[in-house]
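> I would like the entire structure built from these sequences, with the hints used as guidance.
From first to last, the protein sequence lines stand for chains A and B.
According to the working numbering, the first sequence holds residues 1 to 228 in order.
According to the working numbering, the second sequence holds residues 1001 to 1228 in order.
Think of the hints as simulated: they come from the structure by calculation, not from any bench.
All C-beta atoms, glycine included, are put in the ideal place defined by N, C-alpha and C.
Heads up, some of the hints might be wrong.
Partial list, derived from the structure: chain B residues whose beta carbon lies under 8 Å from chain A [what the hints assert, rightly or not]:
| id | residue |
| --- | --- |
| 1 | GLU1084 |
| 2 | ASP1092 |
| 3 | ASP1097 |
| 4 | GLU1107 |
| 5 | ALA1110 |
| 6 | ARG1113 |
Not close to chain A: a few residues of chain B, all C-beta gaps over 10 Å, as computed [as the list claims (entries may be wrong)]:
| id | residue |
| --- | --- |
| 7 | ILE1013 |
| 8 | ASN1039 |
| 9 | HIS1179 |
| 10 | PRO1184 |
| 11 | VAL1207 |
The lines below spell out each chain.
Number of protein chains: 2
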Amino acid sequence: MTTILVVDDEPAILRTLKAGLIARGYEVTTAATGRAALNILTSQIPDAVVLDLGLGDMDGVDICRAVRSWSEVPIIVLSAEDSEHRKVVALDEGADDYITKPFSMPELLARVRVALRRRGSATTDDDPVLRCGQLEIDLPHHAVAFAGAPVELTPKEFAMLTALTRHPGRVLTHRTLLHEVWGPGYDTETHYLRVYASQIRKKLGPVGAQMLVSEPGIGYRLIDPSEE
Amino acid sequence: MTTILVVDDEPAILRTLKAGLIARGYEVTTAATGRAALNILTSQIPDAVVLDLGLGDMDGVDICRAVRSWSEVPIIVLSAEDSEHRKVVALDEGADDYITKPFSMPELLARVRVALRRRGSATTDDDPVLRCGQLEIDLPHHAVAFAGAPVELTPKEFAMLTALTRHPGRVLTHRTLLHEVWGPGYDTETHYLRVYASQIRKKLGPVGAQMLVSEPGIGYRLIDPSEE
DNA sequence: GACCGCCGTCAAGATCCGATCAAGACGAAC
DNA sequence: GTTCGTCTTGATCGGATCTTGACGGCGGTC
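Set out below in structure tokens:
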């Protein structure tokens, strides 16, 4: 069953969208606020999202950015504004498509099909929790746990550990990590990595510390116990 | 280098598109007819396609359909018509996006970035492993194994063995190896090679040691058992 | 057989790199 | 403006790695 989340604060539009999608055979869940949408998206990720930018409680672009930190679910943005700048920002922050109101239902449906077509051929697993051995990273909640016990990390520590956990067992070069966590322009600051690796190890405890190993001259690696 | 194919029969638009894309750092190839576009797409597939529907010789939708039979390259369609039916058909026949002329260059660029972003995350899990006989070098994991048993190598040892394994059975001259591992300026330090060849042999064990042979006065070679 | 060039091995000093601690700088929240 | 947490930077220690030199073996040449 293909599920689509529709987010819009105008009941009339919400009804129209829902009816059109159901008529095409999709399962539809709805949310009227950004907060409600994020709540849904942290627990059960649909196959696609139709998101109106103009919500009462938050900016739709912020929702895109937030969701993109833990899921690649296709997001089709609706907006009343035809502002070029807004389009570019939304697309760069994670939206897959941008439709200007008033829109035609058949076009929206076609664009939904495009989004689903892509998803079908791509990844199927979309668990917003990264795991590696006893380590668990809940991306939407920004929560880390090792062996069931919560671990408090600062933003940079979180970003670095997440980058490593996305590729268990693989060596990430110093450059790659610095790019991922600090952005471009920090390519030579390998000292940062040492400091943060040390702090992460300390917070993971004696057992977890052994999972984060350095590959001298290359980078860092998170040992994947399932590969040993 | 990211390559984008632009297909349009109006020279003015073609020029505009090409200039805008090149300014953003993309490599651009162009085609003015559907036939020319298909010719290019059968030989070398670009990273994305920008396709004007209104070509002289063929219907753009037919091009979409044809390309989709052998490639999933992202296609962004441009069209002068704002016909809803045409949009739906194009999207259903394989187009990933549909932009109506007149369009804004920043928006087009943003949509190109969306298309490329997807391509980037789709091709993540390939594991290029170099092999030569019982020797395996997993480059992303930075792991070396001989006959299934892991081998711990220092950075220079790893670099030297990798260089040799990239060309199984072939002789790499002293100069080549020194350049590859130590960089320029070490052309005469052949003694380094002797030291490291010795250490690598020691770590590969008695069987593996025999694979690394020296060609007196020339360089070193990794024996490829599949060629003997 | 002695010499010579080249290779292989070993080991010791020098050097580099990573880990850790701690202090200063910065920024956000109140 | 102050306070707190986080980020940046510096100093130091220990260890792995690299470099360098010495020595012996092997095969050719004279």
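> All hints are to be evaluated individually against the structure, with a verdict given for each.
The hints, checked one at a time:
no.	hint	in the structure
1	GLU1084	5 Å, holds
2	ASP1092	6 Å, holds
3	ASP1097	7 Å, holds
4	GLU1107	5 Å, holds
5	ALA1110	4 Å, holds
6	ARG1113	6 Å, holds
7	ILE1013	18 Å, holds
8	ASN1039	26 Å, holds
9	HIS1179	18 Å, holds
10	PRO1184	19 Å, holds
11	VAL1207	24 Å, holds
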